[in-house]
Amino acid sequence: MTIALPPQTSSSPPGLQPEGWLRYLSFSLDHKVIGLQYMVAGFFFYLVGGALAGMIRVELVSPISDFLGRETYNEVLTLHGTVMIFLWIVPVVNGAFGNYLIPFYVGARDMAFPRLNAVAFWLIPPAGFLLIASYFIGGAAQSGWTAYPPLSLTTPAAGQVVWILSVLLLGGSSIFGGINFIATVLKMRRPGLKMMQLPMYCWAMLGTSILVVLSTPVLAGTLVLLSFDIIAHTGFFNPALGGNAVVYQHLFWFYSHPAVYIMVLPAFGLVSEILPVHARKPLFGYTTMVYSILAIVFLGLIVWAHHMFTSATPPWMRLFFTIATAFIAVPTGIKFFNWLATLWGGKIALNSAMLFSCAFILHFVFGGITGVALAQVPFDIHVHDTYFVVGHFHYVVYGGTVFVIFGSIYHWYPKFTGRMLNEDLGRFHFLITFIGFNLCFAPQHWLGLNGMPRRVAEYDPQFTLVNQISSVGALLMALSTLPFLINVFWSAFSGKVAGDNPWNALTPEWLTSSPPPVENWKGEAPLVTHPYGYGVPPGQIDLKAATGRELWSSGQ
Amino acid sequence: MTAFSPSSDQSPTDTLAPALAEGAELLAHGTAEEGHPDHRMFGLATFLVADGMTFAGFFAAYLTFRAVNPLPAGAIYELELILPTINTVLLVVSSFTFHRAAKQLRQNQLGACRLWLLVTAGLGLAFLGGQMVEYFTLPFGLTDNLYASTFYALTGFHGLHVTLGALMILIVWWQARIPGKFTADHHFGVEAAELYWHFVDGIWLILYGILYLL
Ligand SMILES: [Cu+2]
Numbered sequence: 003m004t005i006a007l008p009p010q011t012s013s014s015p016p017g018l019q020p021e022g023w024l025r026y027l028s029f030s031l032d033h034k035v036i037g038l039q040y041m042v043a044g045f046f047f048y049l050v051g052g053a054l055a056g057m058i059r060v061e062l063v064s065p066i067s068d069f070l071g072r073e074t075y076n077e078v079l080t081l082h083g084t085v086m087i088f089l090w091i092v093p094v095v096n097g098a099f100g101n102y103l104i105p106f107y108v109g110a111r112d113m114a115f116p117r118l119n120a121v122a123f124w125l126i127p128p129a130g131f132l133l134i135a136s137y138f139i140g141g142a143a144q145s146g147w148t149a150y151p152p153l154s155l156t157t158p159a160a161g162q163v164v165w166i167l168s169v170l171l172l173g174g175s176s177i178f179g180g181i182n183f184i185a186t187v188l189k190m191r192r193p194g195l196k197m198m199q200l201p202m203y204c205w206a207m208l209g210t211s212i213l214v215v216l217s218t219p220v221l222a223g224t225l226v227l228l229s230f231d232i233i234a235h236t237g238f239f240n241p242a243l244g245g246n247a248v249v250y251q252h253l254f255w256f257y258s259h260p261a262v263y264i265m266v267l268p269a270f271g272l273v274s275e276i277l278p279v280h281a282r283k284p285l286f287g288y289t290t291m292v293y294s295i296l297a298i299v300f301l302g303l304i305v306w307a308h309h310m311f312t313s314a315t316p317p318w319m320r321l322f323f324t325i326a327t328a329f330i331a332v333p334t335g336i337k338f339f340n341w342l343a344t345l346w347g348g349k350i351a352l353n354s355a356m357l358f359s360c361a362f363i364l365h366f367v368f369g370g371i372t373g374v375a376l377a378q379v380p381f382d383i384h385v386h387d388t389y390f391v392v393g394h395f396h397y398v399v400y401g402g403t404v405f406v407i408f409g410s411i412y413h414w415y416p417k418f419t420g421r422m423l424n425e426d427l428g429r430f431h432f433l434i435t436f437i438g439f440n441l442c443f444a445p446q447h448w449l450g451l452n453g454m455p456r457r458v459a460e461y462d463p464q465f466t467l468v469n470q471i472s473s474v475g476a477l478l479m480a481l482s483t484l485p486f487l488i489n490v491f492w493s494a495f496s497g498k499v500a501g502d503n504p505w506n507a508l509t510p511e512w513l514t515s516s517p518p519p520v521e522n523w524k525g526e527a528p529l530v531t532h533p534y535g536y537g538v539p540p541g542q543i544d545l546k547a548a549t550g551r552e553l554w555s556s557g558q
Numbered sequence: 565m566t567a568f569s570p571s572s573d574q575s576p577t578d579t580l581a582p583a584l585a586e587g588a589e590l591l592a593h594g595t596a597e598e599g600h601p602d603h604r605m606f607g608l609a610t611f612l613v614a615d616g617m618t619f620a621g622f623f624a625a626y627l628t629f630r631a632v633n634p635l636p637a638g639a640i641y642e643l644e645l646i647l648p649t650i651n652t653v654l655l656v657v658s659s660f661t662f663h664r665a666a667k668q669l670r671q672n673q674l675g676a677c678r679l680w681l682l683v684t685a686g687l688g689l690a691f692l693g694g695q696m697v698e699y700f701t702l703p704f705g706l707t708d709n710l711y712a713s714t715f716y717a718l719t720g721f722h723g724l725h726v727t728l729g730a731l732m733i734l735i736v737w738w739q740a741r742i743p744g745k746f747t748a749d750h751h752f753g754v755e756a757a758e759l760y761w762h763f764v765d766g767i768w769l770i771l772y773g774i775l776y777l778l
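Line by line, the protein sequences give chains A and B.
Residue numbering for the first sequence is 3 to 558, as defined by the numbering used here.
Residue numbering for the second sequence is 565 to 778, as defined by the numbering used here.
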């Protein structure tokens, strides 16, 4: 989508790399090229996952399984979850924006390990196509994105093994990326740039990458054991052979709860970049933001069993994981109030980037509240495995993260391409997405509270009307992609020329040409010690003497 | 070098003009490793944290099995202690021999370094041989019961690491033939293989503890 670039204003890149649009198909080592590769590949898989979601919602228009057979429905559902999580959200919110922005933010010319970076990206397309191909050759996995045994041991083996292989490749890609981000943020900072002066997205990516490095390998090891159970007929997780299925759940959620933060923490970071620019105010509470991220990383690692309250967990475990989960609401709440305080009294520009960001705050609070509710054992046992969980999850991951991805594209597209996106089309896109999303997922909470189970192609006819409302919402969401795609393609050729810094932003990626030259800056990298110094009359604060902390806490 | 003055109305790029006007200096891509500080050891250490988490997951699974899944009546799961104990000694000694090799290299004693590398690789291969003997003499197979499967999965995954480590050692031993390939100050290959080898040793000590002694 963001392929076509206006003529390069920078000096020509070194001869080792292909030039022009061809470099987006090459094993490029440029972090900006790799970032956009992640973005375009991720968006392609978003369209695939969206089509799968469309098939689910069409099937659920009627209470009987008429559009899709039961087994096909299970395959579609499994593919939808896997594609959206592992091929769209994780690669885009980490790989795309992380690769593009982090080197700018630390004042580096590239990531710490450019070659590893390219390897990490090029693992993704084969993994994705393998996964999709399994649907056409012998049938895809049917056990959902969680692949719980014994279900994953009794459904057809071929699709499940391909699914494991694909997720292992994507996990490897994610770990390589995480190592690269940690090394870049900690080791590649330009001399003179302190950690507490970094833009918030760096902290978010540091926290996310710590989670990736600590938790993804556990999933990888678990899936290897699961593949032994399928291929070699061992019995690690197979109760029929003396194994223990609950151990799989523990290991799986040790990754997959942090996975929520792997998807959402970078979105927190991106929103923290967007809001100050379009509200013309410093980011409120920088220091508390940093500590909140670190607290979320720590707490995120010790709450996994809140997904397992119906898996015969002993009472002490239920109590511990309920309390730990409730604690996560504290740092998350701090971030929420910091964003509100950032907007408070600001000169807010209600453009597409800001609208998507504000909708994110709204949705995320709602998804967070239902999340805290779900962490309470009595409530969870009532709604476990119902549509309430589906509604909660999509409020966090679509209403939260995907809205931020769109907001971020509106914000950084001028930097990627040198041209502005059309704001009218952008606001139109926002409006339909917002209405469609809420129409689709809000009613699902009601469905779940009234007992409609998830992951089943058929349901009680009393739920027909509400399911149809939800499907209309899904249709709107599908349609909302059109104005976005038109906007992206049209603006790439005919959009208003952006110039270096169309938003008058202070973070380092705006202090170079659009698109930036191959090594980010001609000449020395700028030292940006106050990335959020908006709206302060010059001379009021002695920048030489003030620490970042004093500046940010001084507010207006 | 410019620190930006925060102001909403005036474009901060103005203050950058002198920096932008200068010609581009291409540092990160043009030349291979020069001009870009070497963070490969840091990257490897981070990777080993990830690798260690894979083992941690396996250990947690095994310990949970031990706690809640009793061995069914009639199932065979017995381990001998002598061979794995000899193997443990071999691996621990190999950590010291590798340390010795790296020390010789830092003192520019390339010949001695290569000798100690070879000894280390030999100890690693002896460990693998011992494990093979153990595998062929054990009275249970991979799918016999939960504990048998877990035993082979854990030791097999570790054995894979030992195999890779021994290969790495033999590769740096071979590369060290070339004069100037590794110097007293620059020898990433040797350093990386050493860190990896100590990691594999450490993992084995935990494995030995929970599989054979616990
Ligand atoms: Cu969770």
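Be a bit skeptical, because a hint or two may be false.
To be clear about the criterion: a stretch of chain B counts as covered by chain A if any three or more of its residues have a C-beta under 8 Å from a C-beta of chain A, and this derived list gives those stretches [as the list claims (entries may be wrong)]:
1. 605-613
2. 621-627
3. 711-717
Only part of the chain A face toward chain B is listed, based on derived beta-carbon distances under 8 Å [unchecked claim]:
4. A114
5. I181
6. I184
7. L195
8. A247
9. I471
Label-pair restraints from in silico Cβ distances [as the list claims (entries may be wrong)]:
10. A/L467 <-> B/L724: 54 to 62 Å
11. B/D602 <-> A/F495: 54 to 62 Å
12. B/D602 <-> A/N506: 50 to 58 Å
13. A/Y293 <-> B/L724: 37 to 45 Å
14. B/L679 <-> A/W318: 50 to 58 Å
15. B/D749 <-> A/T156: 53 to 61 Å
Think of the hints as simulated: they come from the structure by calculation, not from any bench.
Keep in mind the model is a prediction, meaning the values are calculated, not measured.
Note that the Cβ used here is the ideal one computed from N, Cα and C, for glycine as well.
List of violated hint numbers, smallest to largest: 7, 8, 9, 11, 12
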